[in-house]
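Peer 1: Spelled out, the chains give:
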Amino acid sequence: MMHSMKKYQLVQLLHLKMKYLFYKSYKGMSIVELITGMSVVGVIVSSMAAIIATSVTTLKTVDIRKDLVMNGYYASSKFVREFREIDQQVDVLVADSTTVRFIVADTLTVEYKLINSSLTRLIVGNLNSSIMTAHVDVSKSYFNYWDNTQTILTGVFLPSAVWRARLTLTMSDYDTDVVFAADVFPEDFK
Amino acid sequence: MIKKSHLISEGMTLIEVTLGIIFLGVAFVGTLYSVRAIEEESNVMVALIEGTAFGNSIMEVVRSHAYDENAASPWTNPLGPESGESVSTYDDVDDYYAGYTWTYTEYPAFSAKTRIFYVDPDVSIFDSVGTVQNYKRIIVHIYNDAFDEKISISAIITP
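Protein chains in written order, with the numbering used here: chain A, 1 to 190; chain B, 1 to 159.
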């Protein structure tokens, strides 16, 4: 008799446990279960949201950085290509930290200038400059020059002493900074 | 018409809830991996462009030097800086030979090395011939952790 009772209770207990695993509940949830469930879901969702937000921010930063790099590379490459076409040192007309003006292949006088958060290019004689790239931090961007002994030119110097130039371009957008340094040497100077 | 009691009477079993959480977790991790892959791809692309700009700059600096220590043939052999020369007094391209290391403050994540040697176009424009020629090959190797391998830019110059 006792043995059969125990067996019956055991089956009932097992049935109760299995019910939670495999059967639908008809009772609904108690307030404690509800609060506990909501807390757990809240913790999981907030941590997932934080990770997703970080990923989105990183993606945005990467995208901004990519744009800055592409634009900076284009602008500095354009400057390098034109400066390389100078035929002789006397064709460098103006050379200071924000402006460089030179004659390209004896035909065109071009001026590059760091001004108003931009690197601009003016064909001398034209009214308007074109903007090679925006988002330039002008306070951290500059032109440097070296003479033919590879000595950096500082202070007051003749533009015709310029042998090699470097454009350092610091670009900034939404707290993302990119720095470009582009050296250029006109081969015809040799 | 569906009875209201039917709608609210059935909850989810523990197994259904557990499976649901596992599926969500797997999907979430998969999404994160995808986002990470996009980030890495973009970073590599950006690093390639910056590396190319860095390498081009170095090439221009090297090319702005004289072909050789001597103004005319015969050219020097072996290559390298002459005794007493330091980087501030390097005056010809081969002073930067044999793995001279370049760093720019503008490109803190990058480093570069240059190799310069004589080539004979009749033999090979790629390999050093070890003897004095009217051609020098300049190679700039650019290094960055984003690349699996270095990137290289090369040019051949004449007097």
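Each hint should be verified, as a subset may be incorrect.
Derived DSSO-like pairs (lysine-lysine); straight-line CA-CA distance at most 27 Å [unchecked claim]:
| id | chain 1 | residue 1 | chain 2 | residue 2 |
| --- | --- | --- | --- | --- |
| 1 | A | LYS190 | B | LYS150 |
| 2 | A | LYS78 | B | LYS113 |
| 3 | A | LYS113 | A | LYS66 |
| 4 | B | LYS150 | A | LYS113 |
| 5 | A | LYS78 | A | LYS140 |
| 6 | A | LYS78 | A | LYS190 |
| 7 | B | LYS150 | A | LYS66 |
| 8 | A | LYS190 | B | LYS113 |
To give an idea of the interface, some chain B residues facing chain A are shown, with a C-beta separation under 8 Å as derived from the structure [said to hold, decoys possible]:
| id | residue |
| --- | --- |
| 9 | VAL26 |
| 10 | PHE28 |
| 11 | VAL29 |
| 12 | ILE38 |
| 13 | MET45 |
| 14 | ILE49 |
| 15 | GLU50 |
| 16 | GLU82 |
| 17 | SER83 |
| 18 | GLU106 |
| 19 | ARG115 |
| 20 | TYR118 |
| 21 | VAL129 |
If you want the footprint, here are the derived chain B segments under chain A, 3+ residues with CB under 8 Å [as the list claims (entries may be wrong)]:
| id | segment |
| --- | --- |
| 22 | 58–65 |
| 23 | 136–150 |
Hints listed in this document are in silico derivations from the structure and should not be mistaken for laboratory results. Predicted model only: the values in this text are computed from it and were never measured. Where is the CB? At the ideal position from N, CA and C, for every residue including glycine.
Peer 1: Against this structure, judge whether each hint is valid.
Peer 2: Status of each hint after checking the structure:
Distance check on the hinted pair: A/LYS190 and B/LYS150 sit about 31 Å apart at the alpha-carbon level, beyond 27 Å; violated. Between A/LYS78 and B/LYS113 the alpha-carbon distance is near 26 Å, which keeps this suggested pair within the 27 Å criterion. With a C-alpha separation of about 24 Å, the suggested pairing of A/LYS113 with A/LYS66 holds against the 27 Å cut-off. About 34 Å separates the Cα atoms of B/LYS150 and A/LYS113, which puts this hinted pair outside 27 Å; it is violated.
Distance check on the hinted pair: A/LYS78 and A/LYS140 sit about 20 Å apart at the alpha-carbon level, within 27 Å; holds. Distance hint between A/LYS78 and A/LYS190 is fulfilled; the C-alpha atoms sit about 22 Å from each other, no more than 27 Å. For the proposed pair B/LYS150 and A/LYS66, the alpha carbon gap of about 21 Å is at most 27 Å, so the pair holds. As the CA atoms of A/LYS190 and B/LYS113 are separated by approximately 24 Å, the hinted pair is consistent with the 27 Å bound.
Because the beta carbon of B/VAL26 sits about 13 Å from the nearest beta carbon in chain A, more than 8 Å, this interface hint is broken. For B/PHE28, the interface hint holds, since its Cβ comes within 8 Å of a Cβ in chain A; the closest pair sits about 6 Å apart. A cut of 8 Å between beta carbons decides the hint on B/VAL29: the least distance to chain A is about 10 Å, and the hint is violated. Using the Cβ-Cβ criterion of 8 Å, the hint placing B/ILE38 at the interface with chain A is satisfied: the shortest such distance is roughly 7 Å.
Restraint check, B/MET45 versus chain A: the minimum CB separation of about 7 Å is within 8 Å; hint holds. For the restraint placing B/ILE49 at the interface with chain A, the shortest Cβ-Cβ distance is roughly 5 Å, inside the 8 Å limit, so the hint holds. Among the interface hints, the one on B/GLU50 holds; its C-beta lies about 6 Å from the nearest C-beta in chain A, closer than the 8 Å criterion. The closest approach between the C-beta of B/GLU82 and any C-beta of chain A is roughly 15 Å, which is over the 8 Å cut-off, so the hint fails.
Taking 8 Å as the C-beta cut-off, the interface hint given for B/SER83 is violated, the closest approach to chain A being about 19 Å. A hinted interface residue such as B/GLU106 counts as satisfied when its beta carbon comes closer than 8 Å to some beta carbon of chain A; here the least separation is about 4 Å, so the hint holds. For B/ARG115, the interface hint is violated, the least distance from its beta-carbon to any beta-carbon of chain A being 19 Å, above 8 Å. About 19 Å separates the beta-carbon of B/TYR118 from the nearest beta-carbon of chain A, more than 8 Å, and the hint is not met.
Because the beta carbon of B/VAL129 sits about 24 Å from the nearest beta carbon in chain A, more than 8 Å, this interface hint is broken. Note: the segment 58–65 of chain B has 6 residues with beta-carbon separation from chain A under 8 Å; the three-residue rule is met and the coverage holds. Evaluation of the coverage hint for the segment 136–150 of chain B: breached, as 0 residues show C-beta separations to chain A shorter than 8 Å, against a requirement of three.
In terms of the numbered hints stated before, the structure departs from hints 1, 4, 9, 11, 16, 17, 19, 20, 21, 23, listed from lowest to highest.
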